[in-house]
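J.: With the hints as a guide, bring both chains together as one complex.
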Amino acid sequence: EVQLLESGGGLVQPGGSLRLSCAASGFTFSSYALSWVRQAPGKGLEWVSAISGGGISSYYADSVKGRFTISRDNSKNTLYLQMNSLRAEDTAVYYCAKGFSSGWYRMNYWGQGTLVTVSS
Amino acid sequence: QSALTQPASVSGSPGQSITISCTGSSSDVGGYNYVSWYQQHPGKAPKLMIYDVSDRPSGVSNRFSGSKSGNSASLTISGLQAEDEADYYCSSYTSSNTLVFGGGTKLTVL
Chain A
1 EVQLLESGGG LVQPGGSLRL SCAASGFTFS SYALSWVRQA PGKGLEWVSA
51 ISGGGISSYY ADSVKGRFTI SRDNSKNTLY LQMNSLRAED TAVYYCAKGF
101 SSGWYRMNYW GQGTLVTVSS
Chain B
1 QSALTQPASV SGSPGQSITI SCTGSSSDVG GYNYVSWYQQ HPGKAPKLMI
51 YDVSDRPSGV SNRFSGSKSG NSASLTISGL QAEDEADYYC SSYTSSNTLV
101 FGGGTKLTVL
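Just so you know, the sequences run in chain order A and B. Under the numbering used here, the residue at position 25 of the first sequence is numbered 25, and the numbers go up by one with no gaps. Under the numbering used here, the residue at position 3 of the second sequence is numbered 3, and the numbers go up by one with no gaps.
Calculated directly from the structure, the hints in this document are not laboratory data. Be aware that one or more of the hints could be misleading.
To be verified - In silico DSSO-like pairs for lysine-lysine, Cα to Cα no more than 27 Å straight-line:
id, chain 1, residue 1, chain 2, residue 2
1, B, K106, A, K76
2, B, K68, B, K106
3, B, K106, B, K44
4, B, K106, B, K47
5, B, K68, B, K47
6, B, K68, A, K43
7, B, K106, A, K43
8, A, K65, B, K106
9, A, K76, A, K65
10, A, K43, B, K47
11, A, K76, A, K43
Note that this is a predicted model, so its numbers are computed, not measured.
So here's chain B without its partners, still in its complex pose (with noise of 0.2 Å):
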């Protein structure tokens, strides 16, 4: 099972909104409304944002939205604040019963 592709990087100003993109296939992120993303802040565990597509965990910032069209999935930051900068991670369950990540994106706030 292949990783699921994200950009390496990203960036953005205090204020401004980012969107990061996981793209898969039919037999992962196409098939199933299972696709999760992750915060971690280094040398910290991952954090859950966003389950199922686009459900966020009580007690994460509504600044912060998921959305899927076919193969690909999106996380959207609104607002971006420092406390933001982070690796993001997004994960979907396969047609194999596993769970494939991506390869992960750097957010630089500037």
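Chain A with its partners taken away, still in its complex shape (with noise of 0.2 Å):
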């Protein structure tokens, strides 16, 4: 059974640092590219970033770019998300999601969500 449990959400200042973490479970780890999702309290869904298997190649959305930084841990079967510079309207659910089958624009299993607040 596929499992994406994140950890590392909380409360930060504008300004501050957060590192989230996907463990990852019951697939092929380095086999699929993995996502960053997130959905702002009442909002809709808003992609962050993306990262290939082998970890060589990533994306990013342009609100997050030059900010965040995602990376990947295949010896620990491990997604990660740095997030720098944070803003009030980094605020969200930030979920960690894994490709389907060779592309990392679909997404078939999702994780249930890790809450960041940004807020003084």
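T.: Written out as structure tokens, the structure is:
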């Protein structure tokens, strides 16, 4: 059974940093791209970033480019999102999601999310 | 990258069919057959319902179907059931090597 478990969310002040983790199990981790998708309270889904199975290629939304860094440790079956220079508009539930088949742009398994709140 | 355009809400009675539209541009929906649809119940994670415009993942009911014409894609749900009441989001790969979602559509089963 595929499982994705996010952690690392919490309350952080504007301008601060946070690192999210997503522990995966139930599939060959290094064979699949992974993404982070966020959802602000009461709002829609917003794609944040994706990374290829081998970790060579990464992609970012304009809204986070230069502030967030996606990475993965295939030896630990774990995905990360380093978030710097956080803003109030980054407040959201952050989901990690597994790519389906060969494409990172379709996601067939999602975690339950971790809440990030940026506030003073 | 602007969000794809979806109607804010749609509704239908049990047994009826409804269609949700998703409008983008030639840089996303119109340029690639990489449109997906997700269902999200309140407080839950999204679930992939349709990928690559019209393909269904294993385990998804054949009451769900997808199509595309030009810069617009559509999700059709036939034989509406109470359990279909949820938020639905489309997404598309873009020419900028990013992914864009629609604003979401709330489906109400009357």
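J.: Could you run down the list of hints and mark each one as holding or not?
T.: Cross-check of the supplied hints:
With a C-alpha separation of about 38 Å, the suggested pairing of K106 (chain B) with K76 (chain A) is violated against the 27 Å cut-off. Restraint check for K68 (chain B) and K106 (chain B): satisfied, since their Cα atoms lie roughly 20 Å apart, inside the 27 Å limit. Taking the CA atoms of K106 (chain B) and K44 (chain B), the gap is about 14 Å. The hint holds against a cut of 27 Å. The straight-line distance between the Cα atoms of K106 (chain B) and K47 (chain B) is roughly 15 Å, inside the 27 Å bound, and the hint therefore holds.
Between K68 (chain B) and K47 (chain B) the alpha-carbon distance is near 20 Å, which keeps this suggested pair within the 27 Å criterion. Annotation: proposed proximity of K68 (chain B) to K43 (chain A) holds, straight-line Cα distance about 25 Å (limit 27 Å). Our distance criterion of 27 Å between C-alpha atoms is met by K106 (chain B) and K43 (chain A), whose separation comes to about 12 Å. Taken as a hint, the K65 (chain A) and K106 (chain B) pair is broken in the structure, with Cα atoms around 30 Å apart against an allowance of 27 Å.
Distance restraint check for K76 (chain A) and K65 (chain A): the Cα-Cα separation of roughly 26 Å lies within the 27 Å cut-off, and the hinted pair is therefore satisfied. The hinted pair formed by K43 (chain A) and K47 (chain B) meets the criterion: a straight-line CA distance of about 17 Å does not exceed 27 Å. About 33 Å separates the Cα atoms of K76 (chain A) and K43 (chain A), which puts this hinted pair outside 27 Å; it is violated.
When held up to the earlier numbered hints, the structure conflicts with 1, 8 and 11 and fits the remainder.
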